[in-house]
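2 protein chains.
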Amino acid sequence: MAEFLELLPPQNAIEKLMSYLDEVALKNETIKTEDGLQRVIAKDIIANEEIPAFTRSTVDGFAVNSRDTYGASEAIPAFFEIIGEIKMGKSADYHLKKGQVCLIHTGGMLPAGADAVIMVENTQYSNLTEIEIYKAVSSGENVVMKGEDIKEGDLVFSKGTTLRPVEIGALMALGITEVPVYQIPHVGIVSTGDELVQPNENPKLGEVRDINTYTLSSIVKEMGGIPKNYPIVRDNEEKLFLALKKAHQENDLVIATAGSSASVRDFTAKAIRKLGEPGVLVHGINVRPGKPTILAFADKKPIVGLPGNPVSAFVIAHMVLKSLLPKLRGELSSRTKMIKGLVTINMSSMAGREDWFPIRFTGDYQNGIPLVEPIFYKSNLIFTLISANGLARIEPNRTGLDELSEVEILLI
Amino acid sequence: MAEFLELLPPQNAIEKLMSYLDEVALKNETIKTEDGLQRVIAKDIIANEEIPAFTRSTVDGFAVNSRDTYGASEAIPAFFEIIGEIKMGKSADYHLKKGQVCLIHTGGMLPAGADAVIMVENTQYSNLTEIEIYKAVSSGENVVMKGEDIKEGDLVFSKGTTLRPVEIGALMALGITEVPVYQIPHVGIVSTGDELVQPNENPKLGEVRDINTYTLSSIVKEMGGIPKNYPIVRDNEEKLFLALKKAHQENDLVIATAGSSASVRDFTAKAIRKLGEPGVLVHGINVRPGKPTILAFADKKPIVGLPGNPVSAFVIAHMVLKSLLPKLRGELSSRTKMIKGLVTINMSSMAGREDWFPIRFTGDYQNGIPLVEPIFYKSNLIFTLISANGLARIEPNRTGLDELSEVEILLI
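So the sequence lines, in the order shown, correspond to chains P and G.
Residues in the first sequence are numbered from 1 upward in steps of one, following the working numbering.
Residues in the second sequence are numbered from 413 upward in steps of one, following the working numbering.
Okay, chain P solo, but in the shape it has when bound (with noise of 0.2 Å):
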């Protein structure tokens, strides 16, 4: 009673899937700076000027010609006339000759004359038109020049490079308050089966609660994506087909979880072949929760067929849409959030599968990596992963565990 003729290795499963990505033509809008926060830019952002516009100090201080500071220290200062204040904001309408200083601010303009500013911490007034400097600055010292951070023309951000706190900051220094960005793409949930009542539905002997379509469009919110959510389709191959096919016209990505039985299963493979070339692309993959997981790509779209599992769908969406989402979002790189733990008891894995288990982080460290511990779970309900981290990953080649193996953690 073999279901599937085939299981690939999650790697090469979602390889093959993303092999077709670069057919997927992403869609561009120009958006306010300000309101960028994660988007990712479509477009170089090329410098169209100078920052900064001009030498400024990096302190509080003075204004100085470097070479009038030579041989000042403690024992033998330097005397020095005030001849005014740089304001800020304001130009440095001064000149200085030999043996004359500016105030000056964190922040300030340099006057003509100055190359170098002497902190105040290293001066002394004599008067107040006068001071004593301690100790000699060299050219450049305390100022950062004209052009020294970005110079007109300068590649400031490639397309692709996702918007930070400091990448908006960057912008808004060059007076870039509009960019062009990717689309967010949007995704459609359809949740399949026989079983499932809304959630604020009794559900009578023998339903449960669809609670997929919620988690799924969380993770997608997550990740950046869009989510739609599509009303439950019973288990029937032509109103599966029709669901997918409005998702699939409404959206960039569908994400259909299946119903449990295998004659379901089937049809939910037949279902999307009909959406078009070259449609299931893998149909079983050789993991732990989640082998009867589809991954198609119709029409230019990807589709993922997940198992209706709650834990298993949660598993699989994350693996796969952690890949698929940057790139459907334009990202030049997939943000994994995989960091390294150590597992506190031994584990058993069948060799030639990947298998994933939730983790909790037990406080401790060793050798500066985090302790985890397996949490065990059996009902394969939601209510497992409550008390989860993170997911850990076996490698497919390996058949256990010891104590204290290093795993890879998928951060959740």
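These are computed hints drawn from the structure, not numbers from a lab.
Glycine included, each C-beta is placed from N, C-alpha and C at the ideal position.
There could be a bad hint or two in this list.
[Said to hold, decoys possible] Using 25 Å as the maximum straight-line C-alpha spacing, the simulated PhoX-like pairs for lysine-lysine come out as follows: (1) K558/G / K32/P; (2) K204/P / K571/G; (3) K633/G / K159/P; (4) K444/G / K204/P; (5) K246/P / K204/P; (6) K32/P / K151/P; (7) K616/G / K90/P; (8) K547/G / K616/G; (9) K739/G / K87/P; (10) K204/P / K563/G; (11) K640/G / K87/P; (12) K246/P / K27/P; (13) K651/G / K221/P; (14) K633/G / K444/G; (15) K502/G / K239/P; (16) K239/P / K499/G; (17) K502/G / K633/G; (18) K32/P / K616/G; (19) K221/P / K27/P; (20) K651/G / K90/P; (21) K98/P / K146/P; (22) K499/G / K558/G; (23) K640/G / K221/P; (24) K658/G / K439/G; (25) K499/G / K221/P; (26) K270/P / K499/G.
[Unchecked claim] Here chain P is said to cover these stretches of chain G; the calculated rule only asks that three of the stretch's residues, wherever they fall, bring their Cβ under 8 Å from a Cβ of chain P: (27) 458-466; (28) 518-529; (29) 552-564; (30) 594-608; (31) 617-628.
[Unchecked claim] Only some residues are given here: those of chain P computed to face chain G with a beta carbon under 8 Å: (32) I219; (33) Y230; (34) N367; (35) L371; (36) I375.
Fit chain G to the supplied structure of chain P, relying on the hints for placement.
For chain G alone, coordinates are given in the frame of chain P:
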């Protein structure tokens, strides 16, 4: 020319502010559970039903009375009559007698008389109504019992729990489609400085574009607050006081970035003091960058005065907000983004002062810990941080780091 009377170590400074936070009265609201990602539960959630609501199969196979399978093996299979199929979503209206089984799917309801499920892989049809079983099952095998995950009256989530996709799924499983959560804290952002212009303006010589407002509001969004940007305030004590007063009235937290000159920093503290009791708690932190930081609490709301320098403001905002915002969000613990790293070169640091410096990952690991290389910077402009993955911390009691020393990294 000592500017501060007392420089507190960063941890003490933050703890001093945090000790007042219990006085903040958090406000609740009720939202749809499906919109609850990253929100924080404001009341303990008690289960009003049990999960599962009925004993279910965890595999595809045949529901059976385990005693009837005793002794079954490949060599001596046991024969059973199939009396029907448990349809998904339907009550199991069968009562198994000795020697009888029901076809059942994953998630299907166990019929009366059954206490286990034999996996389909361990069976074979003899004819349409009869199967052979090759393996004995024990009571409870491949089933999850009624109420096994959650019992009525169980505490499902304590208040202060942050909703991840799994928690949203778990609430939906219980039919809890609305949930009481804490309101998202509003954070007013006030930038001051005579040198600042709006990002869409062309700065004249001596002027620079305001970027802190946008960097800080993005950090606030990332950390789960709602930022509100206020107009740039000029370096004038009365204007600053009025701007802070308005922001203080309209928000749960105020972040002000002060102008650069020492006199401006002085009147920032004065203006904050006028907002209410107890006023300024910390004026100066023994950290680089970020020494002239002000931490205050007035009229049951915290106020943070940051240095105007973009890198300093960025570093201190992360350091302070990672404790402060979770608390204002009602979260039980701060969500630290600190990980361990090993520095690739020797570094010096001043004893007694905590140093923070930008780092990037080299991509290499040693014993599972990522190698990080410091990014040296001079200008303190935001562009320094563009190539950074995080900020590394050198503890105050260290005078430097040897190559491959361990540092704590705050991911940005």
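Going down the list of hints, with the structure as the test:
With a C-alpha separation of about 53 Å, the suggested pairing of K558/G with K32/P is violated against the 25 Å cut-off. Between K204/P and K571/G the CA atoms are separated by roughly 30 Å; this puts the pair beyond 25 Å, and the hint is violated. Taking the CA atoms of K633/G and K159/P, the gap is about 23 Å. The hint holds against a cut of 25 Å. Taken as a hint, the K444/G and K204/P pair is honoured in the structure, with Cα atoms around 23 Å apart against an allowance of 25 Å.
Using a Cα cut-off of 25 Å, the hinted pair K246/P and K204/P is violated, with the two alpha carbons roughly 29 Å apart. As the CA atoms of K32/P and K151/P are separated by approximately 24 Å, the hinted pair is consistent with the 25 Å bound. About 8 Å separates the Cα atoms of K616/G and K90/P, which keeps this hinted pair within 25 Å; it holds. A hinted pair counts as satisfied when its Cα atoms are at most 25 Å apart, and K547/G with K616/G does not qualify at roughly 85 Å.
The suggested pairing of K739/G with K87/P is violated, with an alpha-carbon distance near 40 Å, which exceeds 25 Å. A C-alpha spacing of about 18 Å is found between K204/P and K563/G, which places the hinted pair at or below 25 Å, so the restraint holds. At most 25 Å may separate the alpha-carbon atoms for a hinted pair to count; K640/G and K87/P exceed this at roughly 29 Å. Taking the CA atoms of K246/P and K27/P, the gap is near 20 Å; set against the 25 Å cutoff, the hint holds.
Between K651/G and K221/P the CA atoms are separated by roughly 41 Å; this puts the pair beyond 25 Å, and the hint is violated. Of the supplied pair hints, the one linking K633/G and K444/G holds, its CA atoms being roughly 21 Å apart against a limit of 25 Å. The straight-line distance between the Cα atoms of K502/G and K239/P is roughly 20 Å, inside the 25 Å bound, and the hint therefore holds. The straight-line distance between the Cα atoms of K239/P and K499/G is roughly 18 Å, inside the 25 Å bound, and the hint therefore holds.
Proposed proximity of K502/G and K633/G is contradicted: the alpha carbons are some 46 Å apart, above 25 Å. Under the criterion of a C-alpha separation no larger than 25 Å, the hint pairing K32/P with K616/G is consistent with the structure, at around 23 Å. In summary, the hint linking K221/P to K27/P is supported, as the alpha carbons are separated by about 19 Å, within the 25 Å threshold. A hinted pair counts as satisfied when its Cα atoms are at most 25 Å apart, and K651/G with K90/P qualifies at roughly 20 Å.
Taking the CA atoms of K98/P and K146/P, the gap is about 23 Å. The hint holds against a cut of 25 Å. Among the hinted pairs, K499/G with K558/G is consistent with the structure: their alpha-carbon atoms are about 18 Å apart, no more than 25 Å. A distance of roughly 23 Å separates the Cα atoms of K640/G and K221/P; the hinted pair therefore holds under the 25 Å criterion. Restraint check: the Cα-Cα separation between K658/G and K439/G comes to about 20 Å, which is no more than 25 Å; the hinted pair holds.
Between K499/G and K221/P the alpha-carbon distance is near 34 Å, which puts this suggested pair outside the 25 Å criterion. A distance of roughly 21 Å separates the Cα atoms of K270/P and K499/G; the hinted pair therefore holds under the 25 Å criterion. Requiring three or more residues with a Cβ within less than 8 Å of a Cβ of chain P, the coverage given for the segment 458-466 of chain G holds, as 4 such residues are present. Counting residues of the segment 518-529 of chain G whose CB lies closer than 8 Å to any CB of chain P gives 4, which reaches the minimum of 3, so the coverage claim holds.
Counting residues of the segment 552-564 of chain G whose C-beta lies closer than 8 Å to any C-beta of chain P gives 4; at least three are required, and the coverage claim holds. Here's how the segment 594-608 of chain G fares: 4 of its residues keep a CB closer than 8 Å to some CB of chain P, so the rule of at least three is met and the hint holds. Coverage of the segment 617-628 of chain G by chain P holds [criterion: at least 3 residues with CB-CB distance below 8 Å; count 11]. For I219/P, the suggested interface contact is upheld, since its CB lies about 5 Å from the closest CB of chain G, less than 8 Å.
Below 8 Å, beta-carbon pairs count as interface contacts, and Y230/P has none with chain G, the closest being about 14 Å; its hint is therefore violated. This hint holds: N367/P has a C-beta 5 Å from the nearest C-beta of chain G, less than the 8 Å allowed. Annotation: interface hint on L371/P violated; nearest CB of chain G at approximately 12 Å, more than 8 Å. The beta carbon of I375/P is not positioned within 8 Å of any beta carbon in chain G (closest approach about 12 Å), and the interface hint is therefore violated.
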